[in-house]
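S.K.: Take these sequences, add in the hints, and give me the full structure.
The lines below spell out each chain.
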Amino acid sequence: MAVYKVSFVVTGTDHPGAIRNQDHQPQPGERVQIGADWVEVLEALELAPQRGGFHYFHVTCRLLSTEERPDAPMSTGGR
Amino acid sequence: MNIDRIIREIELFDGLKETEVDEITAICRERRLQPGELLARQGERGDEMYIITEGFVEVLLGGRGENPPRVIVNLGPGQVTGEMALLDQGPRSATVRAVSDPTIVQTIQRQAFEALCRKNTQIGYIVLRNLALDLVFKLRHRNLVDR
Numbered sequence: 001m002a003v004y005k006v007s008f009v010v011t012g013t014d015h016p017g018a019i020r021n022q023d024h025q026p027q028p029g030e031r032v033q034i035g036a037d038w039v040e041v042l043e044a045l046e047l048a049p050q051r052g053g054f055h056y057f058h059v060t061c062r063l064l065s066t067e068e069r070p071d072a073p074m075s076t077g078g079r
Numbered sequence: 001m002n003i004d005r006i007i008r009e010i011e012l013f014d015g016l017k018e019t020e021v022d023e024i025t026a027i028c029r030e031r032r033l034q035p036g037e038l039l040a041r042q043g044e045r046g047d048e049m050y051i052i053t054e055g056f057v058e059v060l061l062g063g064r065g066e067n068p069p070r071v072i073v074n075l076g077p078g079q080v081t082g083e084m085a086l087l088d089q090g091p092r093s094a095t096v097r098a099v100s101d102p103t104i105v106q107t108i109q110r111q112a113f114e115a116l117c118r119k120n121t122q123i124g125y126i127v128l129r130n131l132a133l134d135l136v137f138k139l140r141h142r143n144l145v146d147r
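Those protein sequences? They're chains A and B, same order as listed. Numbers 1 to 79, taken from the working numbering, label the letters of the first sequence in order. Numbers 1 to 147, taken from the working numbering, label the letters of the second sequence in order.
Derived by calculation from the structure, the hints in this document are not laboratory data. Values in this document were obtained by computation on a predicted structure and should not be read as measured data. Beta carbons are placed, not taken as given, at the ideal position from N, Cα and C, and that holds for glycine. Among the clues, some could well be false.
Stated by the list, open to error - A partial selection of chain B residues facing chain A, derived with a Cβ cut-off under 7 Å: (1) Glu-9; (2) Glu-11; (3) Asp-14; (4) Val-73; (5) Leu-75; (6) Pro-77; (7) Gly-78; (8) Gln-79; (9) Val-99; (10) His-141; (11) Val-145.
M.R.: Structure, rendered in structure tokens:
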């Protein structure tokens with residue numbers, strides 16, 4: 001069992017970011033829902049060394065506009 | 001997903017044996033919240049901590065005078081909130097509000113947690129060490145947001 005604890009920092013806005021666990025390593029280009037918002041991962045870095053099954057990552061991301069969200073009407077979808 | 005599986009995937013309980021996880025799950029109580037529902041209110045007394053197992057909560061600070069409260073972080077699955085009041089018995093340092101529909105948390109009461117830690121000091125050591133690591137991670141996140 002691997003658990004990835006990820007700190008999301010949203011660039012270019014005053015968005016407070018988020019922390020959550022996920023079952024896979026964050027990857028650039030990935031679209032993620034954090035709270036009510038959707039973001040796209042720009043960069044993912046290991047924040048601290050792995051401990052047991054837990055991995056610690058810091059992600060820089062950008063906020064997706066309403067039209068870009070995977071759940072937007074007529075969207076071509078995200079990952 | 002059953003509670004044992006959920007607990008095993010939460011960093012707070014990393015390092016516990018199966019029987020110790022069972023003792024933790026015995027003191028957890030599930031609570032479901034609707035978007036906008038408050039889990040904790042800044043300044044009020046609190047005697048519970050919460051583990052988010054589904055959805056997101058937002059943590060808000062301030063709101064005095066004319067300044068509206070501001071969200072300082074969103075916390076999603078696997079994250080802990082309310083732990084400060086559990087540790088120091090002080091007032092809630094922030095307001096915590098559900099964002100997602102549904103938002104599901106596991107609630108642990110201070111009295112039950114302290115009784116378990118007294119009965120099994122190994123559980124107490126591991127969980128309190130993990131709580132410290134979680135606070136470090138939150139501080140690192142905060143530093144990165146403020147950079």
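S.K.: Now look at each hint and say whether the structure bears it out.
M.R.: Here's how the hints hold up against the structure:
1. Glu-9: Cβ of Glu-9/B sits 5 Å from chain A, so the hint holds.
2. Glu-11: 5 Å, holds
3. Asp-14: Interface hint status for Asp-14/B: holds (6 Å vs cutoff 7 Å).
4. Val-73: 5 Å, holds
5. Leu-75: At 6 Å from the nearest chain A Cβ, Leu-75/B passes the 7 Å test, so the hint holds.
6. Pro-77: Holds - the Cβ of Pro-77/B comes within 7 Å of chain A, reaching about 5 Å at its closest.
7. Gly-78: 3 Å, holds
8. Gln-79: 5 Å, holds
9. Val-99: 4 Å, holds
10. His-141: Because about 4 Å separates His-141/B from the closest Cβ in chain A, which is inside the 7 Å limit, the hint holds.
11. Val-145: Hint on Val-145/B: holds, closest Cβ of chain A at ~5 Å, below 7 Å.
Violated hints are absent here; each numbered hint is respected by the structure.
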